[in-house]
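Trainee: Residue-level listing of the chains:
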Amino acid sequence: MLGAITFTELYAAVSQFYGRQVKLLDTGRFEEYADTYTADGEFQHTPGVPPARTRAGIVAELKRFNSRFDGDPVQRRHLFTMLDVEELPDGTVAANYYALVLTTRPGVKEPVVGPHCVVNDILVWQDGRLFNRSRRVDHDQLFGAAAPA
Amino acid sequence: MLGAITFTELYAAVSQFYGRQVKLLDTGRFEEYADTYTADGEFQHTPGVPPARTRAGIVAELKRFNSRFDGDPVQRRHLFTMLDVEELPDGTVAANYYALVLTTRPGVKEPVVGPHCVVNDILVWQDGRLFNRSRRVDHDQLFGAAAPA
Amino acid sequence: MLGAITFTELYAAVSQFYGRQVKLLDTGRFEEYADTYTADGEFQHTPGVPPARTRAGIVAELKRFNSRFDGDPVQRRHLFTMLDVEELPDGTVAANYYALVLTTRPGVKEPVVGPHCVVNDILVWQDGRLFNRSRRVDHDQLFGAAAPA
Numbered sequence: 001m002l003g004a005i006t007f008t009e010l011y012a013a014v015s016q017f018y019g020r021q022v023k024l025l026d027t028g029r030f031e032e033y034a035d036t037y038t039a040d041g042e043f044q045h046t047p048g049v050p051p052a053r054t055r056a057g058i059v060a061e062l063k064r065f066n067s068r069f070d071g072d073p074v075q076r077r078h079l080f081t082m083l084d085v086e087e088l089p090d091g092t093v094a095a096n097y098y099a100l101v102l103t104t105r106p107g108v109k110e111p112v113v114g115p116h117c118v119v120n121d122i123l124v125w126q127d128g129r130l131f132n133r134s135r136r137v138d139h140d141q142l143f144g145a146a147a148p149a
Numbered sequence: 001m002l003g004a005i006t007f008t009e010l011y012a013a014v015s016q017f018y019g020r021q022v023k024l025l026d027t028g029r030f031e032e033y034a035d036t037y038t039a040d041g042e043f044q045h046t047p048g049v050p051p052a053r054t055r056a057g058i059v060a061e062l063k064r065f066n067s068r069f070d071g072d073p074v075q076r077r078h079l080f081t082m083l084d085v086e087e088l089p090d091g092t093v094a095a096n097y098y099a100l101v102l103t104t105r106p107g108v109k110e111p112v113v114g115p116h117c118v119v120n121d122i123l124v125w126q127d128g129r130l131f132n133r134s135r136r137v138d139h140d141q142l143f144g145a146a147a148p149a
Numbered sequence: 001m002l003g004a005i006t007f008t009e010l011y012a013a014v015s016q017f018y019g020r021q022v023k024l025l026d027t028g029r030f031e032e033y034a035d036t037y038t039a040d041g042e043f044q045h046t047p048g049v050p051p052a053r054t055r056a057g058i059v060a061e062l063k064r065f066n067s068r069f070d071g072d073p074v075q076r077r078h079l080f081t082m083l084d085v086e087e088l089p090d091g092t093v094a095a096n097y098y099a100l101v102l103t104t105r106p107g108v109k110e111p112v113v114g115p116h117c118v119v120n121d122i123l124v125w126q127d128g129r130l131f132n133r134s135r136r137v138d139h140d141q142l143f144g145a146a147a148p149a
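Chains as they are written, first to last, in UniProt numbering: chain Z, 1 to 149; chain B, 1 to 149; chain A, 1 to 149.
Because the hints were derived from the structure by calculation, they are not lab data.
Please note: incorrect hints may appear among the correct ones.
It does not matter which identical chain is meant; a pair holds if it fits inside one copy or across any two.
Below, a list of computed lysine-lysine pairs in the DSBU-like style, where the Cα atoms sit at most 35 angstroms apart [claimed, not checked]: (1) LYS109 - LYS23; (2) LYS63 - LYS23; (3) LYS109 - LYS63.
For clarity, every value in this text was computed on a predicted model and none was experimentally measured.
Construct the complete structure from the given sequences, taking the supplied hints into account.
Mentor: Next comes the structure, spelled out in structure tokens:
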């Protein structure tokens, strides 16, 4: 895709990509969320846990992660801000942004706020659409900590 | 407007539209806020309350809603994120996004956080400007609840 | 730059500018942050404190401000939303937006939320890049208060 679109077009395309992708995650449509990754996509969202790989692996990891809410229904939300987009020389796209997690319980207007994270994605174009090749999520509350072994 | 502008132009135009509109709401300029709706605009922001209709109706509803803060001065803010924009076949624009409400009281740095909402708007072009034809706000704390009768 | 780029290009450029600039601030790279200002840039972020001027002055002010966290390590974040961009007749760019401050302490997932602010920037183009000529930050918890003398 390199050279085919302008930075402005790329910035809007990435913004729109996240505007859709996050709602798949936040409404528990994990298969559709995983389909926004490449077939060999990597998803690392929990400190100290190795990345999930492939769409099936991403779905399995999301089910594992969200099992903590079994019997404790919540509406989770991920709010992305401060998007920095850069097209890399190989034509992939590096996206760096903030992500704030909110967790709302039934009947409670005030969500639990946090954690706040910084996300580094590599996006790629396939057949004119963006896909996540990889995602790495760093958590603010771990700042200064040694990287987990 | 269909066909006249690109997706990229639309995405920026909608973002800018909200960047202005929300400040009219948050500074209590309800007449100016209502003027960002079409003459027959619909505004539904409270669960179980029927939509307000027409600009005069929207102003009246906002005054009614905000009377809860009479004698309790607050600075309300609505933070929109995760914008998903789609031009529909009839030339109208569907916008879906998150909205986080913050309520700050005088001298208190930490706002009350929440509710978090998901908003569905239909926007239309009139004389080269965007207007809200309708807005429906769903509240996260009501997830899983039956729709109000 | 007036006339050379479209509104859509400007909106993306400003969004990207902030997507990078804020991370310099939030990771304590104050010299690099100050370099995003013009040589005569003004930065006013604390109510009642006169603006810092020049890049060296901005660095000094940020060091002074952040000394409150000496011995109390925190990860601060500034989340900008609701960006309103306007090119002014003199070719400078007025940007008005919301900024939510989050402060995370080690090992604590939930950040301290607040203050929420409204920011007014004047940006200018120099050698094809955007720079901050001035920033003024107004705090929500001071609404209704008389401007500090």
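Trainee: Which earlier hints can't be squared with this structure?
Mentor: none
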